[in-house]
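Residue numbers (our numbering), protein chains in the order written: chain A, 1 to 130; chain B, 1 to 524; chain C, 1 to 398.
It is worth saying that the hints were derived from the structure and are not from the lab.
Pair by pair, the computed Cβ-Cβ distance ranges are:
#1 A/Gly25 with C/Cys137: 15 to 23 Å
#2 B/Pro390 with C/Arg125: 32 to 40 Å
#3 C/Ala213 with B/Ser4: 57 to 65 Å
Which bits of chain C does chain A cover? Going by a derived footprint, with three or more residues having C-beta under 8 Å, they are:
#4 44 to 53
#5 57 to 69
Treat the numbers as computed from the prediction; the structure is a model and nothing was measured.
Glycine is no exception: its CB is placed at the ideal position from the N, C-alpha and C atoms.
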Amino acid sequence: MSDSILIVHCAEGAKKALARMTEEGHELPPQFKTFELPCTGSVNEVLLMENLQNGANGVVVLGCRRENCKHLDGNLKAERKVARVKRLLSEAGVEGKFVEMVYAAPDEGKRLHETLLGYLRAGEAEDKSK
Amino acid sequence: MSDSIVAVLCDQQCSSKGPLQKTSLTKRLSQSSTIGKLILLDKACQDPEKKLKKVTGRKVLFGGCPYLEESGFYSLAAESLGLDPGEMLVTDVKSSILDLYDNSETIEENLIGRLESLGRLLADSAPLKDRPVKLKRNVLIFGSGYSGLKTALELSGEKLSVDLVETEEPPLAPGCLAAGLGSPGLIEELTERVRTSEHVAVFPQTQMGPIRSVEKGFTVSFGRGEPREYGAVIFAPERTEAPAEQIGAWNLTRLYEWIGERRPIKGRIVFVLDRSSETPPEVTQDILTAAKVIKERSHAEIWILLKHIRVALPGLQELYDSTREMGVIFVKYRNLRLHNEFGDFQIAGEDPQSGAPFRIDNPDRVIIPGTSGLSASAASAAETLGLRLPGGRYTQPYSLWRLANESNHPGVLVCGSARGNMDAEGVAADAASVVQTLRARMVPEGITPVEHIASVDADRCVFCLTCVRVCPYHAMEKNIEERVAQPVTTACQGCGICAAECPAEAIDMRNLSRESVLAAMQAL
Amino acid sequence: MASRKVCVIGAGISGISVANDLSRAGIDVLLVDKNPYPGGQSVFYGCKATDECVRCGVCLVREAVATLKNQSTARCHFSSRPVGYRASGGSMELDIQTTANPIDWQACVECGRCQEACPEQAIQRVPGWKYFVNQNCTACGKCVDACPVGAISLERSTETKTMQVDGIVLAAGFEPFDPGINRKWGFGANPRVVTGSQMENLFFQEKYLPREAQSVAFVQCVGSRSLMEGEKHCSRVCCAYALRMAGRLKEEYPDLDIDFYYMDIQRFGKNFEEFWKQMQGKINLIASNPISIRTDKQGLPVVRYESLPELACREQPYDVVVLSNGITPAAESESLADLFSLDLDAAGFIRPAGNGSSVTGSRVFTAGACKRPMRIDDCVEDAATVTRRVMQNLGVQP
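Generate coordinates for the entire structure from the input sequences, incorporating the hints supplied.
Following this line, the structure appears as structure tokens:
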């Protein structure tokens, strides 16, 4: 189940956080793919849903921390949309797919890495429990 | 230009993961409908001119390491291949793929996915032939207090024409400067210099009409005159102090006026700091200066009650010491109770460390600094300019990702006391800084619109104006005649929030449309 | 007209910001630093965001370094110092002495193999910049062999170049106060007593505290506000960084006990009130300046302080004690002031130069913490002002 997780991240702080993570030598398992947008505020529900439909098992929206978004509150808008999709997924009874909002400061490496790996492990745990 | 895209990858011989295998990559890409050809350059950073000759006449997707960008390889490529923006896409594969995954299978798979994905984006993108827009070389300064005057004087050295809008009468200044306590006559002198300067025109605020954002900056009309155009607006009002929260107590403005008019202050005088908000060191500096002046003139008994001694400014520690030497009594407190009966005060509190109680009976004058914020007219001007005011007191968003004087509205700069608590020196330094920030925006070549600016499909737009409300940069304007929203290309930063929020899905980002983004994500 | 040349001495956040701004305006900038890397002190500081950005400014430093690398045309000379200066009439001549770093940055492709090969951890990098050799190097030569492009050579030649410049900006930064000069703080005697600067480095490596740590003490005003024990001035930065660090530590270790020894809390930032309210729930404030820090039998540092409510001295052991050390003038302040004929103020900071008037005068300017204690955001704002004054003085028109 933990086949592929798409990380949709912003071109500002989240990109720097991923770069910092790489620089510190923290590698991601092959299931993670990344896609860059100017700001996480530009994701909408359709984008998230379509990706889940097209084979991704999970979408992680990686944005800047609160008060750090260059476009003021794009990250908060993304959070709202992620919450809505989560609700829709649970109301529709969809299992095995997830969307999550993750925040990262431009300087974090290890912390981000652990958070991302956590989603993989959560997926694997669900696999085993089936 | 041929349709299919050429992917050019630097072979990354210097990578610790080993060289890329051309044969297997080419095999995988042969099934791709977007990427027509793959070229592997061996160490692109060396002999770039020679290696670029292989690629002409098609859109190019470059993948390499940050070093290529730094050494100018990509700009060289764009130039020598005659590519416009939108015909070339650059991606850093070293840190985002080669360093991120650890075996060559995974690397290849992810690399192909990334090439396909970005290839789709590139295939759908149109070349940009934007011409830079030169902003109008006029500046509007809102604010005729100390901050506004200082800024006007700084600007009068540049080749810009400056219009100043009168706000406060008489002109305000931070702290006790207006009362002339520190430097008598300074405000008058500044006002005189500004009004007689040939570069500065002064307008009364009452005549100022609404401000509109346009491509070249802003337009505003004064009275019944023609609309005047500006390249930038500098928002520089002074802060005003709210009245003291206790009836019968004075705030600092009142005190400084009194002192400035040389009216007597005698008896027992108590300052209460840190009451509703933590008193900043700049305000404390002024209070200590005022206390010293009172002491010199009337030998009054002065108490200063505070929670913390603020010393984080140069010279402030020495000012405390000299004030204390003059006999001013400093008392730290917690749990302060101020009883006020028809203007007669009883003050009681406790020492924060020992808990020992203290009382001050029948002070002749109680002075409590009021919260400082923007005046009503300044606040409404801020709203017209589209500034986001966190907490209503400061005129810049909290986000650090800004130059010193930028606000959330590109082209509107904030300067002086409006930005935060500043003393006279701080305002002077800020006036210099805002000119620097101004230059960064009003570059002679003009501003090139960002690649991914918003574009509105007029047929789908329902004129709900959600995008206008939601845009953090106020880069969406209402076109009332045609009943659509229109982006201001010199202000739009390409964040895409409007596109995401539009209920009619009428907005797309240039070269990053919904369909192409979805297709690109699927290709991963 | 030939473009103007300005030499910026010091490549910390102030120096880099000024260099970037000046080079964007078309001025030819030479950026000089005594270290083999850019970023000064703050490049090795760590982010203190909890669930919210606390605006510590550390990412601004990285941003500045990245801009220096990718967009700025400033030419950098590292491991360099100014050793001579002559000004006559309108011309200024500066002698810069450079010691070559073993790694040739023109050739380096940042593959990292030298760092992997080094047995002494002598090869480091500033995030976003290239590798450099620090003082742990034993000249074993393993890195030379490991480099695939032959960019490393262990010869360290020194040469002095003379440059004609039109302006000089001193951004020499500061020296963190060394608590080791006074035994009362126990610094150096106990590895669990660390300075604020060392804690920042731990934050940078995302290491924070030893795993079993359950209690931490922050001691404020170490080396500040006391002539007897250090400097008289307030260092301005310590309340800010210590509180932010405490907030981050509390988030990382929710059960951690944090005691905060202070004299007065200095205000910083725009939403200080909310921040302070939040912090008061996370830390235990003790309004007392500790008398001494000793080590007990288990090797833990013990803080001895005067508890006024009880009118008695009390002692409290902690797993880690952080001494929030303050800002003292840069080590080179005296020699720089000598070289450029500048004055030092009572505390030893270089008196601001060139910032007052835009008419001809000395073309030596000062920026950043070498003038007075400054936080990272103060330095960035100051850089804009200094850039403006430099441009005015050089007569550069938009």
